[in-house]
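Engineer: Sequence:
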Amino acid sequence: MPINLVDFIEHELSGGVGQKIAATIGATPQATATGVQAAVAATIGGLWRNVVSARSAADLLNLLVSSNHDARLGNLTDAPAPRR
1 MPINLVDFIE
11 HELSGGVGQK
21 IAATIGATPQ
31 ATATGVQAAV
41 AATIGGLWRN
51 VVSARSAADL
61 LNLLVSSNHD
71 ARLGNLTDAP
81 APRR
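Heads up: the sequence shown at position 7 corresponds to 7 in our numbering, and the numbers run straight through without jumps.
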């Protein structure tokens, strides 16, 4: 079953996480939700443009795997970052 990646990410960033983002940046939850929707769409679009070749896709995968994104997101969700 295909997953709509934009909907999935927006769902994950809604609720308590959205409230924390709004409080952190000093914006209303509604403005934050609008900003998150735009940022998710732009990010997915940028990722799509950058994976048009096998090398670009491999470089992107390497960047995502080698970076510490889980720890940064754990700060927003209060979930501990997975151990590697």
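In case anyone wonders, no lab produced these hints; they're calculated from the structure. Don't take each hint at face value.
[To be verified] Pairwise CB distance ranges, derived in the manner of DEER restraints: (1) A27 / V65: 28 to 38 Å; (2) L5 / A58: 29 to 39 Å; (3) V6 / P29: 17 to 27 Å; (4) A27 / A58: 10 to 20 Å; (5) G26 / A57: 35 to 45 Å; (6) D59 / Q19: 13 to 23 Å; (7) P29 / S53: 33 to 43 Å.
Each residue gets a CB set at the ideal place from its N, CA and C atoms; glycine is no exception.
Engineer: Could you say whether the range 29 to 39 Å given as a hint is met by the Cβ separation of L5 and A58?
Structural biologist: About 20 Å separates the Cβ atoms of L5 and A58, which means 29 to 39 Å is violated.
Engineer: Against the range 10 to 20 Å, how does the distance between the Cβ atoms of A27 and A58 compare: consistent or not?
Structural biologist: Between A27 and A58, where Cβ atoms are some 37 Å apart, the hint is violated.
Engineer: Taking 17 to 27 Å as the hint, is the beta-carbon distance of V6 and P29 inside that range?
Structural biologist: Roughly 19 Å apart at Cβ, these two residues keep to the hinted range, so it holds.
Engineer: Is it true that the C-beta distance of G26 to A57 lies inside 35 to 45 Å, as the hint says?
Structural biologist: Holds, since G26 and A57 (Cβ atoms, about 37 Å apart) stay within the stated range.
Engineer: Does the Cβ distance between A27 and V65 fall inside 28 to 38 Å?
Structural biologist: 32 Å, holds
Engineer: I want to verify a distance hint. Is the separation of the beta carbons of D59 and Q19 within 13 to 23 Å?
Structural biologist: For Q19 against D59, whose Cβ atoms are near 35 Å apart, the range 13 to 23 Å is violated.
Engineer: Kindly confirm whether 33 to 43 Å is satisfied by the beta carbon distance between P29 and S53.
Structural biologist: Check passed, 39 Å falls within 33 to 43 Å.
Hints 2, 4 and 6 from the list above are not met by this structure, while the remaining hints are.
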